[in-house]
Structures are given as structure tokens and as C-alpha cells.
Amino acid sequence: MPSVKVENVTMKFGGFTALDKVNINVEDREYVSIIGPSGCGKTTLLRIIAGIIGDYEGHVYVDGKLFDAKPLEERGIGYVFQNIALFPNMSVGGNVSYSPRAKGLSNSIVRTTTLEMLELMKLSERYHDYPRSLSGGMQQKTALARALASSARLLLLDEPLSLLDLKVRTELRYELRRIVKDLGLTAIHVTHDQEEAMAVSDRIIVMRRARVVEDGTPVDLYLHPKKIFTAYFLGESNVFEGNVAEADEDTALIDLGGLAITARNTGFQAGEKVIVMVRPELIELGGHISGRVLKKTLEGLFSRLILDVKGIRMIVKQPYSNVAQLGEGSSVNIRLPEEHVLVYKHPGRDLYSEISLY
Amino acid sequence: MPAVEAEKTSRFRGIGRRVISRLDKLSEEKTVAYSLYLASIVFFLGIILLPSLLGILLKLDTAMNVVTNPELLNRSFSAVFSSIIMAGIVSALDVAAGLPLAWIIARKKYRWLNIVDSLVDFPLIVPTVILGYSTLLLWCEETPFSIIGFTGVSPGFITVLLLHFAFSYPVVVRILAGKLMDIEATYEAAARTLGACPFTTARTITIPMLKSGIIASLILSFARSLSETGATIMVAGSFENGPVFIKKSIDAGLVPPMVFVSLVLIVLSILILAGLRLFGFKFRMPFRKAYRIEAALSREGVTRVRDLSAIIIFLFLVLLPACFMVLARMPLMLSYGLLGEIFTLRGAWSTYWISVLNSYVIALLTTLINVVFSLPTAVIITRRKLGGLVSRLLEALSTTSIIMPSVALGVSLSLFWGASGISDFILVLLAHLCITYPYMVATMVSVLEDIPVELEEAGRTLGGTPFKVFRSIVLPIAKYSFLSGVILTFTRSVNETGATLAVSKTFKTVSVLLVEWVKSPDMRVEAGAGTLVLMFLSIILLVIFRYIYTKGGGGLA
Chain D
436 MPSVKVENVT
446 MKFGGFTALD
456 KVNINVEDRE
466 YVSIIGPSGC
476 GKTTLLRIIA
486 GIIGDYEGHV
496 YVDGKLFDAK
506 PLEERGIGYV
516 FQNIALFPNM
526 SVGGNVSYSP
536 RAKGLSNSIV
546 RTTTLEMLEL
556 MKLSERYHDY
566 PRSLSGGMQQ
576 KTALARALAS
586 SARLLLLDEP
596 LSLLDLKVRT
606 ELRYELRRIV
616 KDLGLTAIHV
626 THDQEEAMAV
636 SDRIIVMRRA
646 RVVEDGTPVD
656 LYLHPKKIFT
666 AYFLGESNVF
676 EGNVAEADED
686 TALIDLGGLA
696 ITARNTGFQA
706 GEKVIVMVRP
716 ELIELGGHIS
726 GRVLKKTLEG
736 LFSRLILDVK
746 GIRMIVKQPY
756 SNVAQLGEGS
766 SVNIRLPEEH
776 VLVYKHPGRD
786 LYSEISLY
Chain Y
2 MPAVEAEKTS
12 RFRGIGRRVI
22 SRLDKLSEEK
32 TVAYSLYLAS
42 IVFFLGIILL
52 PSLLGILLKL
62 DTAMNVVTNP
72 ELLNRSFSAV
82 FSSIIMAGIV
92 SALDVAAGLP
102 LAWIIARKKY
112 RWLNIVDSLV
122 DFPLIVPTVI
132 LGYSTLLLWC
142 EETPFSIIGF
152 TGVSPGFITV
162 LLLHFAFSYP
172 VVVRILAGKL
182 MDIEATYEAA
192 ARTLGACPFT
202 TARTITIPML
212 KSGIIASLIL
222 SFARSLSETG
232 ATIMVAGSFE
242 NGPVFIKKSI
252 DAGLVPPMVF
262 VSLVLIVLSI
272 LILAGLRLFG
282 FKFRMPFRKA
292 YRIEAALSRE
302 GVTRVRDLSA
312 IIIFLFLVLL
322 PACFMVLARM
332 PLMLSYGLLG
342 EIFTLRGAWS
352 TYWISVLNSY
362 VIALLTTLIN
372 VVFSLPTAVI
382 ITRRKLGGLV
392 SRLLEALSTT
402 SIIMPSVALG
412 VSLSLFWGAS
422 GISDFILVLL
432 AHLCITYPYM
442 VATMVSVLED
452 IPVELEEAGR
462 TLGGTPFKVF
472 RSIVLPIAKY
482 SFLSGVILTF
492 TRSVNETGAT
502 LAVSKTFKTV
512 SVLLVEWVKS
522 PDMRVEAGAG
532 TLVLMFLSII
542 LLVIFRYIYT
552 KGGGGLA
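Just so you know, the protein sequences line up as chains D and Y, in that order.
Here the first sequence is numbered in my numbering, starting from 436 and rising by one per residue.
Here the second sequence is numbered in my numbering, starting from 2 and rising by one per residue.
Be careful, since some hints might not be right.
[Stated by the list, open to error] Away from chain D, derived, C-beta distances all over 12 Å, residues of chain Y:
no., residue
1, Ile116
2, Phe158
3, Tyr188
4, Gly196
5, Thr201
6, Glu295
7, Ser310
[Unchecked claim] On the chain D side, residues computed to face chain Y include the following (Cβ under 10 Å):
no., residue
8, Ala520
9, Ala587
10, Asn678
11, Val711
[Claimed, not checked] Think about it this way: if two alpha-carbon atoms lie no more than 20 Å apart in a straight line, the pair counts; the simulated SDA-like pairs of lysine to any residue are:
no., chain 1, residue 1, chain 2, residue 2
12, D, Lys538, Y, Lys212
13, D, Lys538, Y, Lys290
14, Y, Lys290, D, Ser568
15, Y, Lys212, D, Tyr565
16, D, Lys505, Y, Thr304
17, D, Lys780, D, Leu618
18, Y, Lys283, D, Ile488
19, D, Lys505, Y, Lys212
20, Y, Lys283, D, Lys505
21, Y, Lys290, D, Gly528
22, D, Lys752, D, Ser672
23, Y, Lys109, D, Ala504
24, D, Lys505, Y, Ala297
25, D, Lys538, Y, Lys283
26, D, Lys505, Y, Glu295
27, D, Lys538, Y, Tyr111
28, D, Lys780, D, Gly764
29, Y, Lys283, Y, Ala203
30, Y, Lys290, D, Ala759
31, D, Lys447, Y, Tyr111
32, Y, Lys212, D, Pro523
33, D, Lys505, Y, Ala190
34, D, Lys557, D, Ser541
35, Y, Lys110, D, Ile488
36, D, Lys505, Y, Phe288
37, Y, Lys290, D, Ser473
38, Y, Lys109, D, Ile488
39, Y, Lys109, Y, Ile16
40, Y, Lys283, D, Tyr565
For the record, the hints were derived by calculation from the structure and aren't laboratory data.
C-beta: ideal position from N, C-alpha, C; glycine also.
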């Protein structure tokens with residue numbers, strides 16, 4: 436059963452380093468997402484695992500076996516491309532049956548596998564249609580059926596949903612996870628969409644500038660990111676620079692310049708320069724910190740407020756009904772629960788370069 | 002840069018920009034578009050098709066002389082048969098041998114590929130008759146390679162085959178490499194990850210997607226083999242195909258065989274090519290399963306042998322004949338000190354330089370005029386602007402002037418224009434337009450066929466005028482193929498001899514002059530030197546073309 440191990444992989448395109456000593460491990464039957472800004476090397480990594488790119492340094496093991504020299508057609512990997520890449524000269528049925536035919540399987544096996552996969556993706560009706568006559572969602576489903584029909588146990592998904600519209604994208608992402616879990620596959624899913632990654636994966640690997648930043652379960656990465664970049668990249672966040680004003684064993688008082696907030700102390704000394712992160716939806720109403728609403732917008736059932744708190748800009752998200760009476764210019768009291776105020780060591784350089792996407 | 006010059010260039014740029022924006026505006030008008038289509042159709046009918054055919058149509062009654070003469074009729078039919086067989090074998094060999102080289106050029110990433118890529122055009126810049134002479138020297142006289150001379154095989158079928166292969170091969174490689182570069186590599190990667198070995202991937206994915214290019218290649222090499230006259234006669238020996246038979250009869254003062262054979266050849270090849278288009282596009286290679294042998298054929302050793310043989314075939318059967326005449330004359334050239342004399346502009350060499358100038362002016366005009374008129378034609382054909390029937394007809398008829406034996410074309414053109422008293426310069430230009438027009442149309446058609454209409458529509462909805470969309474979307478996508486069309490047209494005009502000789506008495510292009518030199522025994526060394534200089538100039542020109550093309554062209558200008 437396929438587990439994947441990428442060991443010290445470095446890839447250079449001319450003078451550009453796409454991957455810099457990257458190590459990752461994926462367990463058998465695990466659904467792992469790799470996320471990061473465009474250009475961080477995630478697609479390159481996927482292409483290296485698939486064997487599409489060959490001239491890298493380091494090693495790739497699948498199921499404990501060294502894969503570096505294995506021709507890509509022998510890797511038993513299902514790859515779903517960002518641009519879908521259905522063969523335009525073949526019908527849906529022709530595309531899905533491509534792999535069993537290419538492997539020289541008997542006609543009856545080719546037929547049953549194809550029909551089974553089309554059934555699974557609810558595409559049986561479209562057997563004779565050509566890709567150009569299908570909607571984007573159907574095309575990507577066909578591509579998925581085609582990859583699954585190769586009876587691969589390891590699925591590599593290269594931004595498979597990025598070209599689809601929001602509705603189809605959300606639907607298909609749950610479908611993806613369901614199928615991977617039902618069939619007991621291992622999946623590595625590359626995306627720049629953090630919401631998608633959090634919705635589908637068992638574990639997320641965050642990449643930036645050719646390196647792995649950190650990995651963890653979606654909840655862990657969201658609530659307790661170890662790196663400030665992860666905090667910034669996953670979901671929305673309030674990020675401030677500050678100084679530790681007081682510190683004892685349990686708590687630290689942090690001065691954000693005009694506003695002091697309390698956080699759990701994770702080993703900081705008074706006087707240290709730090710970075711503080713608070714998730715907008717974890718800020719509560721009704722505390723003793725007062726601010727003024729600069730802007731209010733609606734996002735589904737949540738309202739997103741931009742507050743001015745003693746000269747500091749802060750984003751707060753609350754259920755719509757909680758803040759219905761507030762308008763632009765109203766004053767509001769908030770509370771930053773100390774367990775949700777995360778404190779990071781200041782990188783020394785400017786904060787922007789630490790969290791910038793590229 | 003001095004201020005004055007800077008101002009000049011900026012003023013030129015300003016004018017250029019104004020012209021372009023004026024064209025942008027104009028292209029939005031429906032009437033402008035339709036007048037452009039109309040103009041290109043009038044151009045095609047009045048300048049290309051009618052003059053090429055009229056000489057034959059006027060003398061149609063004489064064809065009966067052939068029909069009623071069993072001996073002439075027999076000879077005519079066997080000549081037509083030889084032509085078709087030769088063209089069929091040549092075009093099949095071209096694709097079979099050209100595809101691997103095109104593949105290497107398009108897919109591999111070796112440094113030396115740039116050199117190979119440029120060398121492919123090399124045989125195109127050698128005047129065809131020189132290539133014929135060169136073929137004769139290489140394969141039939143006493144050189145180390147002269148298998149034919151030694152084995153006692155007289156020049157004939159095989160020499161003609163070698164010659165036709167050599168001059169049509171570069172065209173095929175150009176077209177196929179261009180198309181291969183346009184095919185996204187993702188499709189191949191997808192097929193590979195699905196378990197297909199490289200050979201199966203090529204058979205089931207790449208080659209089917211390459212179909213329009215293969216069909217275009219077959220058509221062009223088929224047509225070129227049918228029509229070539231000058232060089233074929235030189236190497237034909239006892240072999241007699243349509244053009245050879247026509248030339249022999251015309252030299253003997255007989256017109257009827259020309260009329261009859263041209264007519265039969267045109268009708269037959271239009272049918273064959275229309276059939277190729279019709280069934281070629283419908284034909285799908287069935288894919289039931291991958292065969293064991295395909296995996297074996299994909300192995301590195303095998304592919305290396307294949308690549309190596311593709312390169313060897315190119316070097317020995319195409320490149321070597323192209324420059325053999327020059328190589329063979331090199332020692333004599335050096336011992337005469339001829340190379341120094343070339344630039345003295347004395348005696349024969351002043352005629353030479355004038356003819357070079359003539360050739361380049363004609364080639365440049367031919368290319369420009371053809372680009373302007375063949376593009377709308379290609380748009381009409383691919384986008385069915387005037388209905389499906391017009392598209393089909395236009396496409397089938399557009400190849401007529403290259404199917405016709407070039408000597409017959411020349412005779413026909415001089416009959417049509419001869420009475421009008423226009424100058425030889427214009428006559429030669431008209432002849433070259435006729436000969437190169439199909440190349441440009443065919444390349445543009447095969448390019449446009451593969452660019453989805455949606456892309457153009459997207460450009461239009463984003464506010465681009467038709468001309469702007471063409472410039473900024475279609476052209477950059479089709480860059481390599483478009484460049485191929487331009488190179489083909491230009492080089493074909495420079496190396497044309499048959500029709501040029503037939504229409505012009507006084508106006509000499511460099512190819513015509515070189516043919517004269519080759520034929521006169523005391524000018525053969527000069528002919529070698531002249532060819533060498535011409536090759537050199539053409540290489541410089543090709544490099545400049547390439548440079549302009551890779552520098553400019555991309556993005557919004």
C-alpha cells in the first residue's frame with residue numbers, strides 16, 4: 436500500500452530554485468494537502484513524485500521503494516491535472532478506458548473498469564460525448580474517473596478544482612474526499628485554496644519559497660500554527676508587532692503600542708520584541724477594550740467588522756445577529772481571550788518579508 | 002544615439018502605432034472585413050487560379066490530338082502514373098523520416114538542436130536545379146557515395162526519388178515541428194501517468210493530435226513532387242513522369258501533351274488531395290490495446306537508434322546533397338582564387354549581384370503580398386466565413402498552382418499575361434505568387450484549424466478589435482508555424498527556376514542565372530561559388546528572420 440517519502444529533494448530550473456531540500460512523508464491511505472502561494476514549488480513537487488520531472492536531486496520513495504529511476508508509466512500513480520488535459524481526440528468512454536487499454540488488459544476488464552468508474556462519477560450517460568461538449572465540472576470528473584480507472588492506489592491532484600466555478604468546486608471537493616476514503620486510496624492534493632485544503636485533508640503541508648514551512652491537521656494548523664506564515668496564510672488573521680511589557684510564568688502582557696493585551700506565556704521575557712496573532716472569529720464581544728467600527732460587510736451568516744482600537748486596525752468576525760445593531764461609526768467593546776492570542780518570536784527583519792507570499 | 006536619429010525612430014514608431022490603431026478601428030467594420038475577404042478571393046481567382054489554368058483551358062481542343070493518338074496517349078498515362086506513384090512514395094517517406102527529426106527538434110532540449118533546427122532550412126535555400134545537379138554529382142558520378150554509379154544503376158527512378166525527398170523533406174519537418182510545439186506537453190504526461198509507454202502515447206495521443214499537420218505535410222510534399230520540372234529532368238535519365246514528358250514535348254514543339262497531361266494531373270491530384278483531406282480528418286486510428294512491442298520500441302536504446310537514424314538520414318540524404326555541389330567545387334574555387342573575385346563586381350559577377358538583388362526583391366514582395374492575401378483566405382477556409390461549400394472549394398482549388406507541373410504553369414502564365422505587354426519583372430512576380438500562395442495558405446489553414454474559435458471570441462469580448470485579437474492572440478500562438486510559412490514562401494521564391502525561366506526572357510533571378518552557369522561547361526566553378534555565396538546570404542537572412550521573430554511578435558504591440 437502506498438506511503439510516500441520525499442527525501443531532501445532539490446530542483447533547480449536554471450537559476451531559479453523551485454524546491455530546496457524538501458522532505459515530506461505521507462502515510463498509506465492518508466489524504467494530504469500541500470498548500471502555499473503560487474510559485475512555492477508545490478506543483479513541481481507533485482510532478483517529481485509522478486515522474487514527470489526527472490532531473491532533481493534527492494530521493495522519492497513510494498511504499499518504501501526507490502522511485503527515482505522508475506519510468507512514469509510504471510509508477511501506478513493517478514495524476515489529475517490542473518488544466519484537466521482530457522484527450523480531445525477521444526470520447527468520455529475513450530478517455531476513461533485509456534489506462535486499462537494502455538496496460539493491455541483484456542477487453543472485458545477494460546469494459547467493466549470503465550463502466551464502474553463512470554458509474555462512480557455519475558457519468559455513464561456521457562459515455563459517447565467528447566470532452567469539448569462537457570461542462571468544466573463534468574470534464575474534471577471525467578479526468579478523475581480516468582485517473583481512478585488506472586487502478587492507481589496513489590492519487591496526485593494538481594489544483595484539480597481551480598478552474599471550476601465555486602458551486603461545483605465545493606461539491607466536487609467533498610466528492611473527492613469521499614471517493615478517496617471509500618476506495619482506500621492515498622491522496623496528495625496540491626492547492627492554493629486554504630479553505631479547500633482544510634475541508635478535504637487529514638493533514639496539511641504548508642509550503643513557501645521552495646521549502647516546507649510546517650505540517651499538521653487542519654484544526655491544529657488553524658488554531659495553533661507554529662509559524663507566523665502559516666497563521667497568516669491559513670484563513671484570515673490579525674497580525675501585530677509588539678513588545679512584552681510584563682511576563683510571569685503563566686501570562687505575558689504585550690504592548691501593541693497604545694493597547695496592551697494578555698496572552699499565555701510560552702517562554703518570553705519582558706522587553707522582548709514579538710509578533711501577535713489573533714483569529715478574527717475568536718475575538719469576542721463585550722470586553723473592556725473599546726473600539727470604533729470603520730467598516731462592516733456581510734459574509735454569509737457572519738459579519739466582518741474592521742475596527743479602530745486605539746489606532747490599531749483589527750478585524751473581527753461575529754455571527755450576523757450578534758452585531759446587527761452595529762453600523763459604521765458605532766463604538767463596540769471587545770475581548771481577546773488570552774488562550775487565543777498567539778505570540779511568536781519577532782523574526783528580527785521586518786514583519787512583511789516574513790509573511791509575504793513570495 | 003544622436004538626438005536626430007532618436008527622434009526619427011520615435012517618429013517612425015509613432016507612425017507605426019497610428020497605422021496599427023487605424024487598422025484596429027477599420028477591422029471593426031463588417032464591410033471592411035467582407036471587402037478583405039472579397040479582395041482575397043478576387044486575388045485568388047484573378048491572379049492565382051485563372052492565369053495558371055487559362056493557358057491550358059485555351060488550348061483545350063488540342064488535348065484531343067493526344068486522345069486520338071494511341072502512342073501519345075499511352076505515354077501520357079504512363080507519365081501521369083509515374084508522377085502520382087513518385088509523389089505518393091515521396092510524401093510517405095517524407096512524413097516517415099521527417100516525423101522523428103521534428104520530434105527531436107520540438108521535444109528534446111539539447112544545445113545543438115538550435116543548429117539542427119537552422120540546418121533544416123538549408124536545403125530550402127539551394128536553388129532546386131542546383132540541388133538536382135548536386136544529386137547527380139553525389140549519387141551518380143565517381144564519389145565515395147556513388148552507389149548508383151558503381152552498381153550500374155542508371156539515373157532514373159531512384160535519383161528522382163532521392164532528389165524529391167531532399168527538397169520536400171525540410172518543408173515537412175518545418176510543418177511537423179511547428180505543430181508538435183503547439184501541442185501541450187500535458188497530454189503526453191497524462192497518457193504516461195495512465196500507464197502508456199512513450200510509443201503508445203505517441204500512437205494514441207500525439208499523432209492523432211498532429212493529424213492536421215501530417216495532412217498538410219502530405220499535401221505539400223505530394224504537390225511539390227508532382228510539379229517540379231527543372232531538377233527532375235536533370236536527374237531523370239530514362240525515367241519519365243508528367244513534367245519530364247511535358248518538357249520534352251514542348252522542347253520538340255508539341256503543345257497537346259502539356260495540355261492533356263497537365264489537365265489529367267490536376268484533376269487526379271485534386272481528387273486525391275480532396276480525398277486525403279476528407280478521409281484523413283475523419284480517419285481515427287483505433288486504439289484497442291497497447292502491444293508488447295510498443296514497450297520494447299520505447300526503450301532508451303531503441304529510441305536512441307531511431308533518433309540517430311533520423312539525424313543520419315537528414316545529414317546524408319538531405320543536407321549533403323544540398324551542399325555537395327559547392328563542396329565538390331571548393332578545391333577549384335580556392336585554386337582559382339575565385340572567392341576573392343566575387344566581390345570585385347567585375348564581368349560575370351556584376352550580373353550575379355544584380356540577379357541576387359532581383360531575387361530578394363521578388364522574394365520579399367512575394368512574401369508580403371502572399372501574407373496579406375492568404376491570411377483572409379485561410380480565415381475564410383477555417384472559420385467558414387462564406388459557408389462550408391466555399392471553404393471546401395477554396396481549399397481544394399488553392400493547391401492547384403503547385404500541383405501543376407511548373408513548366409506548364411510557366412507556359413500558361415506567359416500565355417495569359419504575355420499579350421498584355423507587362424514587364425518581365427511583374428511576370429516573374431506573378432509567377433512566384435502563384436507558386437508560393439498555396440504554401441502560405443496551407444500553413445495558415447493548418448495553424449488556424451488548431452486555434453479554438455473560443456480564444457478569439459474571448460479576445461473580442463475583452464474589447465479587442467479583430468485585427469488586435471489576431472495580432473495579440475492568434476499570431477503569438479501560431480508564431481513558429483507562421484514563421485515556417487514565411488520562410489517557405491521566401492525561400493521557395495528565391496530557389497524557383499522552372500516557371501521563372503518560362504515567363505521571363507530578360508529578367509533574371511539568381512537561381513535562373515545559376516542554372517545557366519551550371520549548364521555552360523566553362524562556368525561550372527563559378528556556379529559553385531555563386532551557390533556558396535547565395536547559401537551564405539540566405540543563412541544570414543534566415544537568422545535575421547528568426548531574430549526578428551523571437552524578439553518581436555509576442556504580446557500586445
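Outcome of the hint check:
1. The beta carbon of Ile116 of chain Y is kept farther than 12 Å from every beta carbon of chain D, the shortest such distance being approximately 21 Å.
2. Distance to chain D confirms Phe158 of chain Y as a non-interface residue, since its nearest Cβ pair spans about 37 Å, more than 12 Å.
3. Residue placement check: Tyr188 of chain Y does not keep its beta carbon more than 12 Å from all beta carbons of chain D (closest about 6 Å).
4. Here Gly196 of chain Y does not stay apart from chain D, with its beta-carbon only about 5 Å from theirs, under the 12 Å limit.
5. Not every beta carbon of chain D lies more than 12 Å from that of Thr201 of chain Y, the smallest distance being close to 6 Å; the non-interface claim is violated.
6. A beta-carbon of chain D comes within 12 Å of the beta-carbon of Glu295 of chain Y; the shortest separation is about 9 Å.
7. Annotated as non-interface, Ser310 of chain Y keeps its C-beta farther than 12 Å from every C-beta of chain D; the closest such distance is 23 Å.
8. A hinted interface residue such as Ala520 of chain D counts as satisfied when its beta carbon comes closer than 10 Å to some beta carbon of chain Y; here the least separation is about 4 Å, so the hint holds.
9. The beta carbon of Ala587 of chain D is positioned within 10 Å of a beta carbon in chain Y (closest approach about 8 Å), and the interface hint is therefore held.
10. Annotation: Asn678 of chain D was flagged as interfacial toward chain Y, and the flag is violated, the nearest CB pair being 49 Å apart, outside 10 Å.
11. For the restraint placing Val711 of chain D at the interface with chain Y, the shortest Cβ-Cβ distance is roughly 44 Å, beyond the 10 Å limit, so the hint is violated.
12. Proposed proximity of Lys538 of chain D and Lys212 of chain Y is contradicted: the alpha carbons are some 24 Å apart, above 20 Å.
13. Taken as a hint, the Lys538 of chain D and Lys290 of chain Y pair is honoured in the structure, with Cα atoms around 7 Å apart against an allowance of 20 Å.
14. Taken as a hint, the Lys290 of chain Y and Ser568 of chain D pair is broken in the structure, with Cα atoms around 26 Å apart against an allowance of 20 Å.
15. In summary, the hint linking Lys212 of chain Y to Tyr565 of chain D is supported, as the alpha carbons are separated by about 17 Å, within the 20 Å threshold.
16. Taking the CA atoms of Lys505 of chain D and Thr304 of chain Y, the gap is about 17 Å. The hint holds against a cut of 20 Å.
17. Taking the CA atoms of Lys780 of chain D and Leu618 of chain D, the gap is about 43 Å. The hint is violated against a cut of 20 Å.
18. Only pairs whose Cα atoms come within 20 Å are accepted, and Lys283 of chain Y paired with Ile488 of chain D is rejected, the gap being roughly 35 Å.
19. With a C-alpha separation of about 31 Å, the suggested pairing of Lys505 of chain D with Lys212 of chain Y is violated against the 20 Å cut-off.
20. With a C-alpha separation of about 37 Å, the suggested pair Lys283 of chain Y and Lys505 of chain D falls outside the 20 Å cut-off, and the hint is violated.
21. For a cut-off of 20 Å, the pair hint linking Lys290 of chain Y to Gly528 of chain D stands: about 14 Å separates their Cα positions.
22. Straight-line distance between C-alpha atoms of Lys752 of chain D and Ser672 of chain D comes to about 10 Å, which keeps the hinted pair within the 20 Å bound.
23. Restraint check: the Cα-Cα separation between Lys109 of chain Y and Ala504 of chain D comes to about 19 Å, which is no more than 20 Å; the hinted pair holds.
24. Between Lys505 of chain D and Ala297 of chain Y the alpha-carbon distance is near 16 Å, which keeps this suggested pair within the 20 Å criterion.
25. In summary, the hint linking Lys538 of chain D to Lys283 of chain Y is not supported, as the alpha carbons are separated by about 26 Å, beyond the 20 Å threshold.
26. Annotation: proposed proximity of Lys505 of chain D to Glu295 of chain Y holds, straight-line Cα distance about 18 Å (limit 20 Å).
27. Taking the CA atoms of Lys538 of chain D and Tyr111 of chain Y, the gap is about 31 Å. The hint is violated against a cut of 20 Å.
28. As the CA atoms of Lys780 of chain D and Gly764 of chain D are separated by approximately 35 Å, the hinted pair breaks the 20 Å bound.
29. For a cut-off of 20 Å, the pair hint linking Lys283 of chain Y to Ala203 of chain Y stands: about 19 Å separates their Cα positions.
30. Distance check on the hinted pair: Lys290 of chain Y and Ala759 of chain D sit about 65 Å apart at the alpha-carbon level, beyond 20 Å; violated.
31. Between the alpha carbons of Lys447 of chain D and Tyr111 of chain Y the distance comes to roughly 17 Å, so the proposed pair stays at or under 20 Å and holds.
32. With a C-alpha separation of about 12 Å, the suggested pairing of Lys212 of chain Y with Pro523 of chain D holds against the 20 Å cut-off.
33. Taking the CA atoms of Lys505 of chain D and Ala190 of chain Y, the gap is about 14 Å. The hint holds against a cut of 20 Å.
34. A hinted pair counts as satisfied when its Cα atoms are at most 20 Å apart, and Lys557 of chain D with Ser541 of chain D does not qualify at roughly 24 Å.
35. Restraint check for Lys110 of chain Y and Ile488 of chain D: the C-alpha separation of about 14 Å stays at or below 20 Å, so the hint holds.
36. Proposed proximity of Lys505 of chain D and Phe288 of chain Y is contradicted: the alpha carbons are some 25 Å apart, above 20 Å.
37. Distance check on the hinted pair: Lys290 of chain Y and Ser473 of chain D sit about 39 Å apart at the alpha-carbon level, beyond 20 Å; violated.
38. About 14 Å separates the Cα atoms of Lys109 of chain Y and Ile488 of chain D, which keeps this hinted pair within 20 Å; it holds.
39. For the hint linking Lys109 of chain Y to Ile16 of chain Y, the alpha-carbon distance of about 42 Å lies beyond 20 Å, and the restraint is violated.
40. Of the supplied pair hints, the one linking Lys283 of chain Y and Tyr565 of chain D holds, its CA atoms being roughly 15 Å apart against a limit of 20 Å.
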